[in-house]
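S.K.: Produce the complete structure using the sequences and hints provided.
If you read the protein sequences in the order shown, they are chains A and W. As numbered in the working numbering, residues 2 to 261 make up the first sequence, in order. As numbered in the working numbering, residues 11 to 280 make up the second sequence, in order.
A portion of the hints provided could be inaccurate.
Here are the computed distance ranges between Cβ atoms for each label pair [what the hints assert, rightly or not]:
| no. | chain 1 | residue 1 | chain 2 | residue 2 | range |
| --- | --- | --- | --- | --- | --- |
| 1 | A | Pro-114 | W | Ser-268 | 46 to 52 Å |
| 2 | W | His-237 | A | Thr-20 | 45 to 51 Å |
| 3 | W | Arg-190 | A | Ala-232 | 46 to 52 Å |
| 4 | W | Pro-162 | A | Pro-114 | 19 to 25 Å |
| 5 | A | Thr-20 | W | Arg-190 | 27 to 33 Å |
Simulated pairs of lysine to any residue, SDA-like, Cα-Cα distance not exceeding 25 Å [unchecked claim]:
| no. | chain 1 | residue 1 | chain 2 | residue 2 |
| --- | --- | --- | --- | --- |
| 6 | W | Lys-88 | W | Ile-14 |
| 7 | A | Lys-136 | W | Val-109 |
| 8 | A | Lys-24 | A | His-211 |
| 9 | A | Lys-238 | A | Glu-258 |
| 10 | W | Lys-22 | A | Asp-92 |
| 11 | A | Lys-73 | W | Glu-221 |
| 12 | A | Lys-73 | A | Ala-63 |
| 13 | W | Lys-22 | A | Gln-51 |
| 14 | A | Lys-229 | A | Asp-18 |
| 15 | A | Lys-24 | A | Asp-218 |
| 16 | A | Lys-136 | A | Phe-95 |
| 17 | A | Lys-136 | W | His-237 |
| 18 | A | Lys-73 | W | Lys-88 |
| 19 | A | Lys-136 | W | Glu-235 |
| 20 | A | Lys-10 | A | His-211 |
| 21 | W | Lys-22 | A | Gly-244 |
| 22 | A | Lys-136 | W | Leu-170 |
| 23 | W | Lys-22 | W | Leu-179 |
| 24 | A | Lys-136 | W | Val-97 |
| 25 | A | Lys-136 | W | Gln-15 |
| 26 | W | Lys-88 | A | His-140 |
| 27 | A | Lys-238 | A | Lys-136 |
Simulated coverage check for chain W against chain A, where a stretch passes if three residues somewhere in it have a Cβ under 8 Å from a Cβ of chain A [to be verified]:
| no. | stretch |
| --- | --- |
| 28 | 223-236 |
| 29 | 260-267 |
Simulated from the structure, these hints should not be mistaken for lab results. Bear in mind the structure is a predicted one, so any value in this text is a computation, not a measurement. C-beta: ideal position from N, C-alpha, C; glycine also.
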Amino acid sequence: MSHHIVEVKNLRHVYPDGTAALKDVSFIITHGESVGIIGANGAGKSTLLQHLNGCLEPSSGAIHIGHTPLSKGTLPDIRRTIGMVFQDPDDQLFMPTVFDDVAFGPLNLGYTPADVEQRVTDVLELVGAGHLRDKPPYHLSGGEKKRVAIATVLSMSPDILVMDEPTNGLDPFARRQLMKLLRDFKHTRIFTSHDLDMVLELCERVIVLHEGEVWADGPALEIFNNDKLLAECRLEKPFSMQGCPVCRKQKQDIFSESQE
Amino acid sequence: MASIQNAVLDLKNLDLLANGNSAIHRLDARAKVLITLVFILCVVSNNRYELTTLLPFFIFPVVMISLADLPPLFILRKIILLCPFVVAVGIFNPVFDQVILLQIGPLGISGGWISFASILVRSILTVGAAFILVGVTGFTAVCQALERLGMPQVFAVQLLFLYRYIFVLTEESGRASRARELRSCGKKGQGIGSYSSMVGHLLLRTWQRAERIHMAMLARGFTGEFHASRQSRFGASEIRFVLAWSTLFIFLRLQNVSQLLGSLITGLFP
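M.R.: Pasting the structure below:
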């Protein structure tokens, strides 16, 4: 039995105001896969993520993490298995110093102080934030905050990493750094993002959500080459697949000149 | 709003001072919290017409600032910021209390003026001591010390969260306020009405953030218990620090040292 399987079966979620954010979502993500969940604003991505670690309760349907059904009783175990990195690091870094923040999870899991110390040092080193250890979170830059937020989750050694918009608000250099870091992880990874170039680079598989339903689920390249599907779901090809804008402009110019 | 943002920036600077590495900085936070409490108690428990007994207490801030290498002007500016409030509290004393207590030549000084001055000195001493405490310890360490001295954990955690998110909140409100200013073109805009909806928005946003933070905590196995990971020792140097200062404070409180000094000098030179 593997802990790394995420199975979502006919998941439906209706918010109290009557909005059906998820209508019928099913998929299975297996061990070690890296999956991008994409979709327009309001497609249900964030709602889906909140279901994955039990922050919301399904209106109907079920979620299994490593063959364990997600329910009140199994929540503590499942939350240990799934490491969730929130979109806004300010929500995730609430402790006075970086060290305390990264130690928060392991301490809750009941590790000994020496063990916690070791874990914190290791994961901070891993994300390249060792020098930030005693700083308060409000003294960090956006990229540093993001890396520390990932460290806070890694310190609990989760089997599955779930990240909401990991590259949001990062400068190109910090984005590169983060993507390199994420590429090296061996965990099962689930990302939601509007940064389709990141999805293309990091994920072999893409799930397209549209109005609370799965519209497509397949290899990243196949999906990003399906122009009709992308247009239907208010998406477009990643920039790296759109060809060089300068050359395209030149070609168009030559074409229109030859027509004249 | 700029002034609030400046104040928060100042707060950050004050917190950065706590990263220093002097002998005072290295002391256990509990010792510093305790001694500040004793100091404040000794200062405020003086009689309301006392002025001379208060003056020797200035030795504490002076010694702490010099030992811990804090920037004295920065601390002084922080204290001066608070002075208008103190003046507002004491300004009516000279009006209501006109009994002459002190006669310097032809000039009679009323009890009101003396008690007003006493309030001012007391505030400078106590507020200064509090700033110095944060400057040599850091707000977080102060909270943790209070908790280890017996304050319920709920309060300590509340204070820590307050301190963590005050920066996020002021940034958010600063942005909202700037957006309002830019669109009101230097005029009054929609007046007080626009402010009330802004405050409402801030409240709702704070609420949502609080929910997200709670989710983030639950996601990392939070069960209602905060585990302190920091170990520090209340050793010999802490005991010496507390004993020495508190003896001095209690002595200064019980004996009027200024008067003693005065009578010594007038005794020497009759």
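S.K.: Could you run down the list of hints and mark each one as holding or not?
M.R.: Hints versus structure:
1. A:Pro-114 with W:Ser-268: 46 to 52 Å: Because 50 Å falls inside the window, the suggested range holds.
2. W:His-237 with A:Thr-20: 45 to 51 Å: Violated - the Cβ-Cβ distance for His-237 (chain W) and Thr-20 (chain A), about 39 Å, lies outside 45 to 51 Å.
3. W:Arg-190 with A:Ala-232: 46 to 52 Å: 39 Å, violated
4. W:Pro-162 with A:Pro-114: 19 to 25 Å: For Pro-162 (chain W) and Pro-114 (chain A) the Cβ distance comes to about 23 Å; the hint holds.
5. A:Thr-20 with W:Arg-190: 27 to 33 Å: 30 Å Cβ-Cβ, so the 27 to 33 Å window holds.
6. W:Lys-88 with W:Ile-14: Holds. Lys-88 (chain W) to Ile-14 (chain W) sits at ~13 Å (cutoff 25 Å).
7. A:Lys-136 with W:Val-109: With Cα atoms ~56 Å apart, Lys-136 (chain A) and Val-109 (chain W) exceed 25 Å; violated.
8. A:Lys-24 with A:His-211: Roughly 10 Å between the alpha carbons, so the hint for Lys-24 (chain A) and His-211 (chain A) holds.
9. A:Lys-238 with A:Glu-258: 28 Å, violated
10. W:Lys-22 with A:Asp-92: This hinted pair holds, its Cα atoms lying about 20 Å apart.
11. A:Lys-73 with W:Glu-221: 19 Å, holds
12. A:Lys-73 with A:Ala-63: 13 Å, holds
13. W:Lys-22 with A:Gln-51: Answer violated: Lys-22 (chain W) to Gln-51 (chain A) is near 34 Å, above 25 Å.
14. A:Lys-229 with A:Asp-18: Violated, at roughly 33 Å.
15. A:Lys-24 with A:Asp-218: 16 Å, holds
16. A:Lys-136 with A:Phe-95: 13 Å, holds
17. A:Lys-136 with W:His-237: 19 Å, holds
18. A:Lys-73 with W:Lys-88: 51 Å, violated
19. A:Lys-136 with W:Glu-235: 23 Å, holds
20. A:Lys-10 with A:His-211: 17 Å, holds
21. W:Lys-22 with A:Gly-244: It is violated: about 47 Å lies between the C-alpha atoms, which goes past 25 Å.
22. A:Lys-136 with W:Leu-170: The given pair, whose Cα atoms are some 15 Å apart, holds under the 25 Å limit.
23. W:Lys-22 with W:Leu-179: OK: Lys-22 (chain W) and Leu-179 (chain W) at ~14 Å, within 25 Å.
24. A:Lys-136 with W:Val-97: It is violated: about 38 Å lies between the C-alpha atoms, which goes past 25 Å.
25. A:Lys-136 with W:Gln-15: Holds. Lys-136 (chain A) to Gln-15 (chain W) sits at ~21 Å (cutoff 25 Å).
26. W:Lys-88 with A:His-140: At roughly 21 Å apart (the allowed maximum being 25 Å), His-140 (chain A) and Lys-88 (chain W) satisfy the hint.
27. A:Lys-238 with A:Lys-136: 40 Å, violated
28. 223-236: holds (count 11)
29. 260-267: violated (count 0)
Checked against the numbered hints given earlier, this structure breaks hints 2, 3, 7, 9, 13, 14, 18, 21, 24, 27, 29; the rest are met.
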